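There are 2 protein chains.
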Amino acid sequence: MPTTHLAGPILVIGTGLLGTSVGLGLSQRGLSVRLVDPSPSAQVVAQDIGAGTIHVPGTPLAPELVVVGAPPDVTAQVVVQALLDYPMSTVVDIASVKGSILNGVRNDPRITTEHLSRYVGTHPMSGREKSGPAAARGELFTSMPWVICAHEDSRGDAVKTAEALAIDLGATVSRMSAGDHDQAVALISHFPQVASSLIASRLLNAPGHSLALAGNGLRDTTRIAASDPKLWIQILSHNADALLPILRGMREDLDRLVHTLSAPSAPGALLDLAQLMGEGNAGQGRIPGKHGAPPQAFALVTIVVKDKPGQVARLLADIGEAGINVEDLRMEHSAGHQVGLVDISVIPGRREELITVLSALGWKVAQ
Amino acid sequence: MPTTHLAGPILVIGTGLLGTSVGLGLSQRGLSVRLVDPSPSAQVVAQDIGAGTIHVPGTPLAPELVVVGAPPDVTAQVVVQALLDYPMSTVVDIASVKGSILNGVRNDPRITTEHLSRYVGTHPMSGREKSGPAAARGELFTSMPWVICAHEDSRGDAVKTAEALAIDLGATVSRMSAGDHDQAVALISHFPQVASSLIASRLLNAPGHSLALAGNGLRDTTRIAASDPKLWIQILSHNADALLPILRGMREDLDRLVHTLSAPSAPGALLDLAQLMGEGNAGQGRIPGKHGAPPQAFALVTIVVKDKPGQVARLLADIGEAGINVEDLRMEHSAGHQVGLVDISVIPGRREELITVLSALGWKVAQ
Numbered sequence: 000m001p002t003t004h005l006a007g008p009i010l011v012i013g014t015g016l017l018g019t020s021v022g023l024g025l026s027q028r029g030l031s032v033r034l035v036d037p038s039p040s041a042q043v044v045a046q047d048i049g050a051g052t053i054h055v056p057g058t059p060l061a062p063e064l065v066v067v068g069a070p071p072d073v074t075a076q077v078v079v080q081a082l083l084d085y086p087m088s089t090v091v092d093i094a095s096v097k098g099s100i101l102n103g104v105r106n107d108p109r110i111t112t113e114h115l116s117r118y119v120g121t122h123p124m125s126g127r128e129k130s131g132p133a134a135a136r137g138e139l140f141t142s143m144p145w146v147i148c149a150h151e152d153s154r155g156d157a158v159k160t161a162e163a164l165a166i167d168l169g170a171t172v173s174r175m176s177a178g179d180h181d182q183a184v185a186l187i188s189h190f191p192q193v194a195s196s197l198i199a200s201r202l203l204n205a206p207g208h209s210l211a212l213a214g215n216g217l218r219d220t221t222r223i224a225a226s227d228p229k230l231w232i233q234i235l236s237h238n239a240d241a242l243l244p245i246l247r248g249m250r251e252d253l254d255r256l257v258h259t260l261s262a263p264s265a266p267g268a269l270l271d272l273a274q275l276m277g278e279g280n281a282g283q284g285r286i287p288g289k290h291g292a293p294p295q296a297f298a299l300v301t302i303v304v305k306d307k308p309g310q311v312a313r314l315l316a317d318i319g320e321a322g323i324n325v326e327d328l329r330m331e332h333s334a335g336h337q338v339g340l341v342d343i344s345v346i347p348g349r350r351e352e353l354i355t356v357l358s359a360l361g362w363k364v365a366q
Numbered sequence: 000m001p002t003t004h005l006a007g008p009i010l011v012i013g014t015g016l017l018g019t020s021v022g023l024g025l026s027q028r029g030l031s032v033r034l035v036d037p038s039p040s041a042q043v044v045a046q047d048i049g050a051g052t053i054h055v056p057g058t059p060l061a062p063e064l065v066v067v068g069a070p071p072d073v074t075a076q077v078v079v080q081a082l083l084d085y086p087m088s089t090v091v092d093i094a095s096v097k098g099s100i101l102n103g104v105r106n107d108p109r110i111t112t113e114h115l116s117r118y119v120g121t122h123p124m125s126g127r128e129k130s131g132p133a134a135a136r137g138e139l140f141t142s143m144p145w146v147i148c149a150h151e152d153s154r155g156d157a158v159k160t161a162e163a164l165a166i167d168l169g170a171t172v173s174r175m176s177a178g179d180h181d182q183a184v185a186l187i188s189h190f191p192q193v194a195s196s197l198i199a200s201r202l203l204n205a206p207g208h209s210l211a212l213a214g215n216g217l218r219d220t221t222r223i224a225a226s227d228p229k230l231w232i233q234i235l236s237h238n239a240d241a242l243l244p245i246l247r248g249m250r251e252d253l254d255r256l257v258h259t260l261s262a263p264s265a266p267g268a269l270l271d272l273a274q275l276m277g278e279g280n281a282g283q284g285r286i287p288g289k290h291g292a293p294p295q296a297f298a299l300v301t302i303v304v305k306d307k308p309g310q311v312a313r314l315l316a317d318i319g320e321a322g323i324n325v326e327d328l329r330m331e332h333s334a335g336h337q338v339g340l341v342d343i344s345v346i347p348g349r350r351e352e353l354i355t356v357l358s359a360l361g362w363k364v365a366q
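Residue numbers (numbering that gives the first Met the number 0), protein chains in the order written: chain A, 0 to 366; chain B, 0 to 366.
Since the hints were made in silico from the structure, they are not lab data. Nothing false has been slipped in among the hints.
The list treats identical chains as one, so a pair stands whether inside a single copy or across any two.
Straight-line Cα separation of at most 16 Å, EDC-like style, residue types lysine to aspartate or glutamate; simulated pairs:
#, residue 1, residue 2
1, Lys305, Asp327
2, Lys363, Asp342
3, Lys229, Asp271
4, Lys229, Glu278
5, Lys229, Asp72
6, Lys159, Glu63
7, Lys363, Glu352
As the structure is a prediction and not an experimental result, all values here were calculated from the model.
I would like the entire structure built from these sequences, with the hints used as guidance.
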């Protein structure tokens, strides 16, 4: 049985994707988890897949921690009710917006400073393009950032309990204020989501022969456009204040670009385009790499493989036997052929060795 | 020695990434390739890595095919010169825009209908976020679409020679007019490029603690923002007419979104957001899958792996031994931990079997 920082029992209110995943992960670590959801079928599914035991309202329960996994719209009121119902418990929520929920809790007339002291807003950054308890998994939070937003009234032990939840589930704790959190996710999550939807919307009426030429550029920029609208309209409307300045900034750039492309041979036009592209280069270069490593820290080796069972496995087995770790792997696709390219990322110091080893074993290394 | 449709010799004018890759691929297939580039060092690098033999201007040469791999800005004039210099040769270019180049060739006062009949515009869709002859590889075009743009004056045998080039290099031939091509790439290549740069630009002045939370959503939408501005300012300015209506469409959606988020509790606001997201869902769903398969034809299985040498290899070996083909593979990263999630795509009919096999072998399958 793994050692945990939490002692339990833990009550999970709301057994959607995240709540059920919390229940699964904590149960797998041996903690006692109770589940409750306004949807009878959702809480039964969550119990059936092993996320915990359904809590019957009214039966006595003194949880160490209450985890509120409700939609952003109703999170504040569920948190308030939990603070009232469980006077000895720390209460956290796991919604994607934090400022509006903290305000909602703080401004409820039933809430005292004592209540507030037991509430900590948190945000596990583990969303997927899926939802519901059936998609849950105990490892959802592994290696992912989990933001803990202590506020001026939160008690030290409540914050510690919130952090224990994140640590027990294998996440990486990140501490910031609710305001800083909302600014951060507006930029690195809500804005890319909206932008991806804006890009994908343009494909609605595109001719099929155009889409047949689509490569990884289009695929990558539109992947998250497949996300669930029901959840996102709540997130976007709850974080509109942080998102708007970013969208206005993008609109300024877009206006400038439309103006420039309307007269591409005017003086300064190419310089304008170069500046836009250059700013994109610089912005992209600021995104940190895997394991928090500096950006672009890995070296790329591309290998040509036949697209049949076992080829990529054999390739990776050969790399593994050489004792070289694959930091990232990307398969390049396209319509038509049954041969593909695999991009392997390794630490730069091992790149030459990898090329030598693979070439000696007969792999077609294409740079 | 593999059989080829081309007989050679082939003259490659311009030994950048694409031209050198063409030379490498044709040389590897046993064809005689001559190289020439205005940069002495570029042509030496191309020769040294095996892309062909430097052609000394003035020495006699009667190529079957001339491949012009010049920047878009000068492509038309290089094509014109090649048509004049090599009166028996088919001349193709491989630039990313086609209409403006065809017009440039057609409108040159030295060009007759006979000249035009030997010119075919083509576009191998194999760009990478790299450039220069040192990044070239003979397999760059494998499985990628290669658009062949016959025009009203092009001769049948010239078109056939252009298609032979694409086929010999392992690409998939796609036929369309220069106008249709430019519309298509504006949407599926130039627009995502610009949009990705616009997204990444917003990161320029972001605080580091925000960027530390970045996940795959931000990474995916901004990956191509790392592309080379020098090449792209030419592409964008040469295809401005096709790109502008798409950007104006995006600006309309963006305006509507900014307006909606400025009053997120106004009547109809959530409906507006839902419509934007829904259109994004539908547009994304139209992108064809690997091998031209219908969109989203594959089923996903997620496995938890230790991030150490050989783990992914062992996983794929187990999948290969079960006779199941991996259609796509994606590693999920984040800052911090040394455990990761691997998303495996398989044909839907094999998904349950794969889960059973992997679970029996002790892998942690996370749905």
